[in-house]
Amino acid sequence: MEKKTLLTIKDLQLEGRSGNAWHPIIKGVDLTLHKGEVLGLIGESGAGKSTLGLAAMGFARDGCRISGGTIDFDGIDLRTAPESLRRGLRGKRIAYVAQSAAASFNPAHRLINQYCESPVVHGVMAREKAEADAVELYGRMRLPNPDEIGFRYPHQVSGGQLQRAMTAMAMACRPDLIIFDEPTTALDVTTQIEVLAAIRDIVRQFGTAAIYITHDLAVVAQMADRIKVLLRGDEVEDADTRSMLTAPREEYTKSLWAVRSFARAEQPTATGTPVVSVRSVTAGYGALDVLKDVSFDIHARRTVAVVGESGSGKSTTARVITGLLPQRNGQVLFNGNPLPPSFKARSRNELRQCQMIYQMADTALNPKLRLRELIGRPAEMYLGLKGKALEARIRDLLALIELEPDRYIDRLPSELSGGQKQRIGIARALAAEPQLIICDEVTSALDQIVQEGILKLLDRLQGELNLAYMFITHDLATVKSIADEVVVMQQGVVVERGPKAAIFADPKEDYTNLLLSSVPEMDPDWLNRLLVKRSAKAQEP
Amino acid sequence: MTNHLIGQGGMTRRGILKSGAAFTAAGLILPAGMAMAQAEPVRGGTLRIGFNSGSTVDNYDPGVWDTNFVQVFAQARHNYLTEIAADGSLVGEVAESWEASPDATTWTLTIRQGITFHSGGTVTADDVIASINYHRGPDSTSAAKPIVDPIVEITSDGPNTVIVTLNGGNADFPFLMSDYHLPIMPAREGTIDPTSSDGCGPYQVDDFEPGISATLSRHSGYWKTDRAHFDGLLLLAIPDPVARQNALLTGEVDVINQLDLTTVSLMDRNPSIRVISVTGNQHFCFPMDTRAGPFNDNNVRLALKHALDRQEMVDKILDGYGTVGNDNPIGPTQKYYADDLPVNSYDPDKAKFYLNEAGLTSLDVSLWVAEAGFTGATDSGSLYAERAAAADINITVERAPNDGYWSNVWMAKPWAASYWGGRATCDWMFSTAYASGAPWNESYWENERFNTLLLQGRSELDEAIRGEVYHEMQTIVSKEGGTVIPMFASFVMGVSNAVATPDVVGANWDLDGFRCVERWWFA
Amino acid sequence: MTEIWRMISQRLLLGVLTLFIISVVIFGATELLPGDLARELLGQSATPETLAALREQLGLNESAPVRYWNWLTGVMQGDFGMSMATKMPISELVGTRLGNTLFLAFYAAALAVPFSLLLGVLAALWRNSIFDRASNALALTAISFPEFFVAYILILWLSQSGLFPSMVRITDTTSMGERLYMAFLPALTLTLVVTAHMMRMTRAAIINLLASPYIEMARLKGMSPMRVVLRHAVPNALSPIINVVALNLAYLITGVVVVEVVFVYPGLGQLMIDAVSNRDIAVVQAIALIFAAAYVLLNLLADVLSTITNPRLMHRK
Amino acid sequence: MTVVLSILVALGIFFVVGLASRAGLRSLAPAHHKPTYRDMPLTASFGLAVIVFYIAVAILAPVVAPYGEGEVTGAQFLPWGAPNYLGTDKLGRDMLTRLIYGARNTVGIAFVTTALAFMVGSFLGIWAALVGGWLDQWLSRFVDALMAIPALIFSLLLLTIFGTSVLTLVLVIAAVDSTRVYRLARSVAQGIVMMDYIEAARLRGEGAWRLIRREILPNAMAPLVAEFGLRFCFVFLAISALSFLGLGIKPPTADWGSMVRENATLITFGDVTPLLPAGAIALLTVAVNFVVDWQLHRASGLKE
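Chains as they are written, first to last, in our numbering: chain A, 1 to 541; chain B, 1001 to 1523; chain C, 2001 to 2317; chain D, 3001 to 3304.
Don't read these hints as lab results, they were simulated from the structure. In this text the structure is predicted, and so the values were computed from the model without any measurement. Incorrect hints may have been included.
For lysine to any residue, the following SDA-like pairs were computed, each having C-alpha atoms within a straight-line distance of at most 20 Å [unchecked claim]:
1. K2087(C) x K1413(B)
2. K368(A) x G418(A)
3. K368(A) x M3194(D)
4. K1413(B) x D2036(C)
5. K129(A) x I112(A)
6. K368(A) x W3209(D)
7. K1145(B) x G1063(B)
Stretch by stretch, here's where chain C covers chain D in the computed footprint (C-beta under 8 Å, at least three residues) [what the hints assert, rightly or not]:
8. 3144–3155
9. 3180–3190
10. 3271–3283
Positions of the beta carbon are idealized from the N, C-alpha and C atoms, including for glycine.
Next comes chain A alone, as it looks inside the complex (with noise of 0.2 Å):
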């Protein structure tokens, strides 16, 4: 059956401003959407997917602007259309959905009345019919307590709940289209799930079109009826789900595909005194306690993955080991010796010895210090370098995590990539010439395949200079990928360790079965498996 097309994208051009210079974003993509359908954009940051959402509302952000190409949304061109006309088309008939809704909704109203806001304005219905409908759309998104939920203020609401509310105010005005930019990515795993279960379920239900931008390959699979691969403002493929993920064409799809083969050798069995041994340790803020009762090991030249949602208390557990957070009770050891509490009674060497790398490569590098600093400060504070050494030291680092070091010596943070950044990281603990690297999720943040990249340079490193990793990740691929051995954390709790791949060949608690299971597939029917096997597991008696 022939589908009524609803938007037609053709050629599209998108530039971006820098000082007073245009460069192209998005470099002529045509783009097709009949009603109903949900179409996926893929692709690295960077390849234009959410420049191209928007356009699709007819909307540039500031700095950028269309500068070719037609845009018809069901008869109307967006892009000559007056703004006004557009304006009402917004939140009516298009709606968006933002990848990090606590951000995107406003602190300053609750959530009914910015709920309420699109249809009263664009007078699609009655302020009291739209909170009664907003109640519906609230218990449809299967969010709890509908009734009362529209009347807290976004910072009193879960991410994932906020994010399902933020799709029932898309859905609002019963807009044509919706927008999802990124909607899950923010989310725990566990969370995720539920999520994508909600709007998949709600665009299906309404029959509304969608394009659901992503760059989780195993989430879109789950969502889209077709999927387009995009590549630094171009095209790269179009074709349907199945197909696509069965017999991508092009290589950059392939490679996509490939990333997750990633897995570094087995490493010989874990032998002498552990570098770090974390022995009973409890911790807390104020009269919480954030940990338990904590104790694991790590050796050299292996890998410890500690594991769990957020709030579970992986960062704490490395806040305590650094000297952050000192411990209420336990000790840390370091090779075989107690270290003190708090970092500072810790010795210079101490300090040393215990490097850490940190999730956000944008906070973790001040912003207004040259590659220069940020690399040679640890040297020379610490090894006393100085003048020809510590430039020879620097520069030995910089080749090492594969920067070139005349092109980079001297630049600003703000002038690297986020992959690169992340080197940067990992650059500066080296300097130290540490025997512990602590990397607290020093991968979500980035792409798949710069990811990958970075995952490879660690495992080289930990290789070349006999470095214990401790490695802190909500991501169990990147476990798979580089992970030794597995701490499962569950409010505060370690409720199961042990190697790799005892523990995800035959995981001893639910909590951990729950984290595996939840990890998206690549399969197309991965989603609805899940959900009918838990459903009948709620179900047994």
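With chain A's structure known, arrange chains B, C and D on it following the hints.
Just chains B, C and D, lined up with the frame of chain A:
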């Protein structure tokens, strides 16, 4: 630069020190064409005056009055034993007449009958004695203490006669009794109440907010029938000169004092107002500490006296509203003024010559100034420094804060700006600020001959001899004194055309000798 | 709400501490001023004996800490004491003046706050337009003129033509209408002085938010620019705006000496300067404490308002 | 009319010079600085032109001024015309000369004062934010107390105690101003010390001095610079207000604040003389803030 935030104008606390009245034939300078034919004064209206001064500490205690505001306020409430008339002559007020013993040590004053206080009583000799005694004695903190200190005894001889005995002859005694600190107030058990506004003057107080305003209405039982023509008075403190001028220009007040000289000419163009300027004994000066170097050498003093352009200062600091001074505190309108003294003119060569006489080739001195010293002191310092440079005299102008100027700078720094409102008599002026050991001998000047002459002149009743004595004293002070007196400054007032003034306006003090409230009327 | 009460009581406690520090600082500073009350009262006519007698009488012969302690214990019992110089109770001296100062401050605020917020919002709405740049340049010009100069210019334009009086004379019988009329020029002067600051802060606070995702969201919901700014940006910019308004209100109460002088307005600022020059320390202290209390209370009010208008702080999880 | 005209012409010249210099900077600047000047708005180039002009005038004052700083050249209040192109003041000193020397003294003193206030204020503010705890509490309470005392009256007290040399004037205004800077620096630094890179530097074992100087200060510069722009101009006003109290810069040194004060009475008679120094201050204020706005805009990264 004419104002002070501190709520006190050119007439600061110095008024306490430099009290007195001009012994002078006052001049009235009316702008051309403004010498209107005087109609008979008429009764009525409320006169509103804007003052350059006024402070929250203003009060009814006659011992501490200082600023223009309280002085006029006092003259509105009170009468005095004697009054200096607009022409400079002395007339009786509470004292109908007076008589001196031949050596001028005992004075007999006859008290006028039928003068009533606002509160109802009649003025008697007891009131007079209590009023004078208030300032006498070891416990007195009155500013008029130096004036009444020579009184050895003051007694009454019946209700209308007061006899005063002095510790030495003083021919000027009746003049001293016109001092504004010495109002006649009702006696209560032998003394006066310094917190009471009660007096026997033309107006009584309705309301007084210190530092802001005072309202008064006419005293119905006032004894002078040909004076005090207004029904009421409104006295306002407006320290900012621009605000004061605007208040006059927009008709919010009728009279203001201390015009900003910079803009007098602009203001004078306004047809609804007129500017009144009178020159008396008010002079601006730069006293040096003659006890220490370099000012202990008279050659240095002479060099400095020849290193300033006096006419330029009169032109630029006073905008012409004044006359050149010759380092002699006796003004040209004074009775014994010596008009034939050699002039200390601006002459860099002469200044250099005196400098060489002192064994110097150049001189570096600091001159402390503040607008509290006198209005325009800062600019005067700049001009002085600029002109003195030609004689290799480098004057560094040190600007001091207005606040505390009279405590911390004047008579404390070696060379500073100062001013005198003038005194009614030569003796009074000299013995206050030039006599050896006088508390306000601001130049710490000691001159044996001068001090001898001072004593001789004081008790001398023969006018011819007195004239000679004072002539010689003026010569000495001009050539050897420690004070540079570049100019005599006029009192410059702005008056609405609705206000009529007599032909002659008093020059002994600002605002018609503080008596405008009694002497002026609405045309 | 309990949070707020706790914050208020905590801040009031800190405020008392602040007042204490201020009283020490002011006392110390006035102590260091050359000259003292006795000298100022007696003038140069003072002999060493009369000076000593008066000092004894005024209690100035006590050591500084003792005098401070006496003053402090007096204040603790609610007794600000007598003004030594004027022999009047300080409460009486300060009372009407405080009323006048507050009247002028709130009058000016009533003109300035709506005006500058409006300008700030419009400038943010039309940022980088001619309107934005012109209002910015004009506001900067206004603040770069000394206050007395602004006042003189206003007098030239609005007073000499007879529209408004150039001086303020308020008595007990002055009606409210007359007060508003007479105090218009000083209020306008102050308005011009504080507008630039408030306007620039409002503009900056709003523009700062315009890059946030929820603003983009509002635009993507098809809201008009005006609605985006007023409904989505302004409520979130309230905290910095309230703070700058409070700061300027505090300035209007404490910093208007110059305007008081030019318009002959009997306010606290003039009284304080008078008291400083008279070395009337008790009055200086009393006014300094009033000013400081105004400052502390306004800051507290700003914090409370910021809290009330910020749902994150008002409605905890 | 001529006055208005000449003011317009002068502003026009600054605009043209601004445009030209922007064009010049764009073509001459080293490659990696070009983007800086490329997106420079007209207002900023105008502001830069004015600032450069002022600095040049200040440095070259003795060369370009037709007379000596305190030199009395003729009668008082001469009208505009050769050789006193802007007339003379009350004492007959050349207005143009006074304005030129005023640039030197005013801008110099204001700069030194503001710089000092910022050094002290931002160091203490950042230190308090970094260390926190009791130090922060006590410093902040003390600064709060000082801020609660009206600035003008506090300056009056201090200047009366310590005298009114240029040095004390600078120190007193800087001390009063530094409390305002402290507050800003502290609140900005409180945001920065939460960043991971500060945590990283602390874990590295860096001392407080280096944390302040290398890690926090560079990141706090943008709001501090913006504040600098306004504070810089407030110093003129403070000097002007103090000269209202007779506490300004001592004569015959020319400074614009005092010049406004000295001639202010003329304005009520419609004489424009006081507008010259006031205008000089206003022009500089606007210029400095145009440049600051531009820098802030760049730092915030907000696109137009």
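Results for each hint:
| no. | hint | result |
| --- | --- | --- |
| 1 | K2087(C) x K1413(B) | 33 Å, violated |
| 2 | K368(A) x G418(A) | 16 Å, holds |
| 3 | K368(A) x M3194(D) | 16 Å, holds |
| 4 | K1413(B) x D2036(C) | 19 Å, holds |
| 5 | K129(A) x I112(A) | 12 Å, holds |
| 6 | K368(A) x W3209(D) | 17 Å, holds |
| 7 | K1145(B) x G1063(B) | 8 Å, holds |
| 8 | 3144–3155 | holds (count 11) |
| 9 | 3180–3190 | violated (count 0) |
| 10 | 3271–3283 | holds (count 4) |
In terms of the numbered hints stated before, the structure departs from hints 1 and 9, listed from lowest to highest.
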